[in-house]
Amino acid sequence: MVNIIIDGIRLEVPENKNVLDCALDAGIYIPHLCHHPSLKALGSCRMCIVEAEGETEVVTSCTLKAKEGLKINTNSDRLRKLRNLALELILAGHPEECSTCPNYGCCELQSLIQYIGANTARMKHRSKGIKVEDGNPLIDHDMNRCVLCGRCVRACNDVRGVKVLSYQKKELEFYVGTLQNKLLADSNCRFCNACTQVCPTGSIRDKISLIAGGKKKEDAYVPCRYACPAHTDIPTYVRYAKEGKFDEATAVIRERLPFPKALGYICSHVCELDCKRNALNEPVSIRNLKRHAAEQDTGFYWKGKGKQLPDTGKMVCVVGGGPAGMTAAYYLRKQGHSVTIKEALPELGGMMRYGIPSYRLPRSIVEEEAAVITETGIQIELGIRVDQPKELRKEYDAVLLAIGTHQGVRLPLEGNQLQGVLLNADFLRNASMEEATGMGRKVIVLGGGNVAFDCARTAKRLGAEEVHLACLEARDKMPADEEEIVQAKEEGIHIYPARTFERICGEDRVNGVDFCEVESFTFDENRRPVIVKKAGSEHHIVADTVIFAVGQRPDITEEAGLAIGRGNLIATMSDSKLTEVAGIFAAGDAIYGTQSVVKAIASGREAASEIDLYLGGDGDITEKLAPEHKANPYIGQIEGFAGLHRIEAEVLPASDRKDNFKLVNLGICSEKICNEANRCLQCDLRLQLEEPRIWSDYTGSDYTDKIGGNES
Amino acid sequence: MKQIAALGLREYGVYNKSLADNWNSFVSAEDSEQSLVKLVVALNNNDTKKVLVQLLKKEPGKVLQGMQITSYLIGAKESELYIPAQELELKAALEKQWEGMGIAIIAEDFVDCRLQEENVIHHLETMFFLAEAFSKEYQPSVYLAIEKGGQLSELQKVPYGTKLSDILQVSRDEIRAIEIGTKLYDVAALDYTVKDTMTFGNGVITILDKSACIIDEAEKRLALSRSISCGKCTFCREGLLQIHSMVKDITKGKGKNEFIPLIEEIGDATSFSTLCSIGRTGADFVLSSISTYYDEYDDHLKKKKCQSGVCSSFVPIYIDPELCTGCEDCLDVCPENCIEGKAGYIHMIDELDCTKCGKCFEVCENEAIKKASGKIPKLPDRLTKCGKFKKH
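Just so you know, the protein sequences line up as chains A and X, in that order.
The numbering of the first sequence is our numbering, which starts it at 319 and goes up by one.
The numbering of the second sequence is our numbering, which starts it at 924 and goes up by one.
The following block holds chain X by itself, in its conformation from the complex (with noise of 0.2 Å):
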């Protein structure tokens, strides 16, 4: 015990805490009691991408190590340790491997923390460091992967002190922003160093390039978060649902100034009023981009402007008065009757009323509609027959 204080070890993932301190409760009322307190060794219920189940691919033996040292110290009889749902081949090996050592192997994504109420749950990550600790090979450190375009590099040993732009290896001007764990951070990240406070979440650093709008990336992560919410906590359920109807319709050019501390609200209070990880970190990215990007937010409510071109809504459609040939077929069928013209001449959108609906795109025999990137060029403002129209 005094070992683990003295190396300071934390348990890994949301709950991030000394270990010393977490079961200094447990071990005063061993002695007193029998104990019946189970150990349950999981991933974080908000980890979506499961990359540091990696750990127990590779070292089993030191997740096991870690699950043993723990168990005699919590005075725990019974252990569990949850692996993703779709790692059967793990859990049959696992379970073979392990026979006999008392620990059940169970596939399932989600650890329903009511039913552990009386017993000691921890990463999978503590455990593994902790056998390290025992081996005397420790070297303060955390396992990551990193995200980048889609692609999910190998997990690697990261020490404490590293430098984060040491291990991304991105250049400044591709970068939009840096998602570590759960939270949103500017460029300025790239010169963080790893170390022991850091909440990594599911082990992953994900790089947001140029072509991403922030809010669109909020939307899609509490999309995320309440897929695999089970739905118990009020705020898990009702505070990101309300988040994620707010920010959905900022990316809809909906949204509206009161949005922001309403989001601030609901989010900050979701934080600390749920039970698990999924409702403690699913507003972490809104709330953290809100702080660092508030200027995407201003622009997709004020100016009706999105940065990257992601948000539809918000991309202006004009009419190449140089392709258009005066047929009419978009007027048809536009349902906000914002398209003006008559056969012959050259039709034209009004920006105002437009909802960027598509449908005048799907039926242009002459894709003359175009989104316009950048600026857009000059147009006609009054009718103007098919032809005529003179660019300069």
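Same shape as in the complex, but just chain A (with noise of 0.2 Å):
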């Protein structure tokens, strides 16, 4: 450390650290632009210039560094006009009007304006002409806006050795762009967009559309991370694939969510929706990676690692032994409380085990991550059914209803409790436990989302001669992932999307559907559907059974004494997985409906957070497993990487598949793992850059009646 001192304030500052950020450090202000703190210095702006004792010239702060006794000067006359003279020449060259600039108000160069206030009629300006290049994914280009700073082309060519942008010159005007103009794409640009964190001005920006909604920036940053219900962070993990370190990215993983393996397979993967890499072609393969990962995990940092607080005493029971239950289960023993699990089926899973049909997840892979929790000292009750919750609170000091939707809805439609007539869950239930369906040779199943299709799909394995899909939905509508329908499809499965359902035919049992084809289907103002039937486009489908896969709800009634919602939901307080009884709560399916497991798990997650706090706890139920590590900012170049596609995982073919339970979906071979993660745009990245800070941000306004800035 070293000693200096600005505008008479003494400094202790390490040696050597460039005098700029020693002063912003400081609270001193001192105008900057080309200087970002993650940056090298380029010296080049001369907007932080400053008199150093002994020397002639003024000298600029971001490249001086400290030495022992250094005596600065930020502000004199002299300082000033050069200070002046150099932002009349930068403005020479910008667009005069601001308001239109998308980034005004929050544009470094606009308050630099205002803090020193230049006068620009002196200098000759000019328009650069420069196309505003908006083709790009992600990025807009305005280089009209640029002031050649030449923050873009550091960030790029230093901190990621991507070396996209560099300065460019025509008929004597600079620019900052690609080599031969070229558009980002074709300039193996990684699109992390370390460009736009650090441009000072409105010139390279986030595509409005990334950043709208009032998100925080982290957030609409990292989209996949935010998407997730239960935040997981994916970029790290997917970075710790690539580098085949997959213990590391399991533990990530596990930060997060108590059952990787399961999400390998099942997730409903709305991180890939999100995904960056759509703005490029599609998006990675993240819930593969998810899953080759786990499947490598040898455990090394997380097993019987983690978090494990002392006993507190205090009994917990959940009800359910479902995802949502689970995690909650799993997250208050890890708090020190003691919990008791009752599952009413025979085995802990919930959908996991008696919804999601095995040939899309194991069985064992269901009972491998159920041990993990148990093995933390949970007690397990199972076959044990709950009615009355209330009663628990007499043995426990808190109660969690995690018990799902395991009740199909009927339609009100004719015949619909003809025998033959079949609901969702009691039907994938049956067959997962191996035992009577009740159904026939020719299925007719009703709806079309992802249940319906392991419904349909199930059928077709179970040995059904014929199975027919209806939904009321278009082909492009259907609410089922496009892979359930293409697979179904391949196993011979008939799809009619866009029916009615008109009636269920038969006179004591099934013999058929009656359905109209859809000729409209939207919604009115009061958001009701308005269904507009094709004339005279009825028609029969001949089957022996029918399937309801329209909706779940939670199997419960006011007989629990419990307020129920629409929906036959368990009514929470808002913003809480608190019901109306003290003590009792609520989690997972069973308070929002059929989701998805890891919406279940984030759910779980939440409620275990909130009953430890509701039990004496702190509330924080977070825990590190993988190990501290930056993630290498230097990214370097790919050849053609925004045209590498999407690594599909390996199907089962349709012929070895649809009269078996046989897993399915194969996952990506681990030959192909690390290129489908090299495809990850590591949007994370740019969260090291730091955020640009205009003059305010370092200090309150009596530091500038001090220094008597400009007041404009």
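Warning: the hint list may mix true and false statements.
Result set (DSSO-like, lysine-lysine): computed pairs, CA atoms no more than 30 Å apart in a straight line [what the hints assert, rightly or not]:
#	chain 1	residue 1	chain 2	residue 2
1	A	Lys383	X	Lys1000
2	X	Lys1171	A	Lys487
3	X	Lys1308	X	Lys1226
4	X	Lys1227	A	Lys487
5	X	Lys1059	A	Lys446
6	X	Lys1227	X	Lys1106
7	X	Lys1059	A	Lys488
8	A	Lys358	X	Lys961
Worth flagging that the hints you see were computed from the coordinates, not collected in a lab.
Reconstruct the complex from the two isolated chains, following the hints.
Set out below in structure tokens:
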């Protein structure tokens, strides 16, 4: 450490640290433009000039190194004049109007103009006439607004090693751009957005659509992590997967999700929907990367490690051993509470075991991951159905209802009580338990979601001769995953989108269903569906079994003594998991309807945190499992990066799978897994680069009064 | 080290400074820590003539020796020698000759000073003289070439104390100005003697004869500097641009009086607000020409006159009354409508509105439209029939 004096203020700073940062860190504002705390000094804009004692020439404080006894003056007539002149020169090539710029109000240059108050009339003003380039994915370029501070060039070259942006020159006019003005995708840009992050003007910007919506910046910048209900640190584990560090990758996943492997198979992967790579071509196969990591994991970083607080003596009962219940139980146990899971069915797993068919999620995986939960010392009571949760309060300090939605919905349709009419939840549960389902030879599934496809494909595998699936939605509006629809077709399932269900026909047993074709399906201003049928389109499909797959609801009644809301869902307080009964909480599908395993896990985590608080804990269930690691920002060059196509999982051929419960999706093989991880844009890296700050961020108004900052 | 201090050897080129002073910081730092400093030898960035590379071509051994001495003194383990980009043959030859010496030969015109922050940069000529200083044959001198009428002479050794008039061998009457390195001097410079504090930059003394317009020359120098600029420093990029556009306006008769102080303000700041010689000396010519040839600027700005007739905007043009046939062709093409006349009458150009665009020259089949060299002859002052105009 050395002592330096800036404007009479003595500072103790590290030797050789640049004086500008020393000043800014101490709350002394020196104007600057080309300087950025995360980038190497350029010393070109001449905004940060200061007078150093013993030097005749003014010096740029960003390149001046702190030495013992250095005395600096940041303000004098000479400095003001020179700064003014430099800013006048810079502005001579910058558009004069600010108000049309998307960065209006959060522009460092604008703030500098306000601070310095430059007069632009003396210089010859020019328009560079560079076309706005909005043909790139994710990033817009308006290089007319560029002031050649070179931050983006340094970020792209020095920090990232991608080397796409450089100084270019055309007819004595400089601009920043790509070689031969190619589009970013054709210049091997990695779309890491470091350039947007450091640009002090509105020249290089995120596309508006990416940052709109009032999200926090880190959420908007890293949309996959934000989209994941459990906010799993996806970029970090993808990076580990790329390096072949699957133990580390799994540890990162396990910090948020106690079922990495199961999710690797069946996660609804909303993260992939929001993956920024969608703007280039296809999203990163995040789910398959997770699956591969979890399969390669040895448990080095988490097995027997993680958090375990001392026993609190508090008793918690979790009703329901599905993903929400098991997750909550797991984290409550780690907080030191003694936990009991009461499960009505014969095994733990909930919908992972009794809903999702085994050709999508092998039961051994559910067992393996449930074992990790129970090994923490949770008491498990199987085959115990709880109808009176209030009674449990006598024995337990807190109760969590995570009972899922195990009751299928029967549409109010003519013939809906006929023999041969089945409900999705019952059908899938019976199939999973290898019990009689009551299914005949010709099956019609009503519904277009993933559960409907689970029913149809299960029926096929159980030996149905004909399987039909009909739904109200048009083909492109069907809620099921595309791969489900495609694979079902491959397996010979007939799909009828855009049908109304007129009636189920039959005397005492089902003999078919009457349908009409839908001409249009819209919603009115009250969000009620408006269906227009095609005239004369009524037709009949013969079947002996009809399976309703049009939604599920919690298997609970008013008799449980709790408030029940719309769709038979358990009512909870707003922004809380607490029911109207003190000490009784609810989580998972039972409070928001049938959704996804990952959402149930997130809900279970939230419930655990809230219950821990309720029981006198701090509610902090986070744990650090992966080793501390700063991601390498130097990502280097990859030829044709933007064009790298998504590597799809291998799928068992339809002929080998349609009559059995063998695993359908085989994941991505080890040889290709790194290539897939390599496609990640590493959107999180930009968070390592500091956010731009303007002069008022450094100082309060007191300071500006003292130095007489320009008032304009 | 003492020897160098005693000889008073100075860095050649734009960064004219005592070598001993320059190295002191390195020599003292070298003792305390493992030095990773690199020696970089090059011409100045602003040197577009590149005559001084002749020193390397003629006596590569001396440059090498100078580099070895310097490397030893500053503790550099590696060194780089930049040579002009087009000298690929020289690069190949040196690489062969100096193999294993740890000297990288780089054929590039531009040394990015920002990448050399930790390194020591020297001019090639400094290395040359350093070697001479050690071989006892040192005679305080510089190497210069003379450019006259576009012809560049051979590089010659000029000992300190030589009067410039002795090497230039020109008569005062034929000279308009003398450009030494990057600066402009008037004829009085012929009496200067060459000494160590004079800056010769690219080693070229250019003689501008009477046919040159100082401001037009300034415009060319600025265009050249801008063309080799890397664009990073604000003052080099934007400052030279503003100066250049003002000077260009002056040559076109669109100059304003306030240009001169603004050129001086920007030019002065540019000389110390940029990193390398391109910016530092980019405005030298225009600044020194303003102080030495202010009258010429004044002529261009106020009298709208270019003494040497180079700036075409100032050359009066007129229609020779004896050659004009009154065909009206020029009337039709004049974009300013400043030619008066009708068929069969002698046409006349209104001097005030004429922009000297030259369109009338091109259409006149009788070559009646002329540039005035010197005095404009007597012209008709009212519509006169062709053939009826009397000179006297």
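Against the structure, the hints:
1. Lys383/A with Lys1000/X: Holds, at about 25 Å.
2. Lys1171/X with Lys487/A: Holds: Lys1171/X and Lys487/A sit about 20 Å apart, inside 30 Å.
3. Lys1308/X with Lys1226/X: violated (33 Å)
4. Lys1227/X with Lys487/A: Judged against 30 Å, a Cα distance of about 34 Å means the pair is violated.
5. Lys1059/X with Lys446/A: Outside the cut-off at roughly 57 Å; violated.
6. Lys1227/X with Lys1106/X: Cα-Cα ~25 Å, so holds.
7. Lys1059/X with Lys488/A: violated (50 Å)
8. Lys358/A with Lys961/X: Distance of about 20 Å is within 30 Å: holds.
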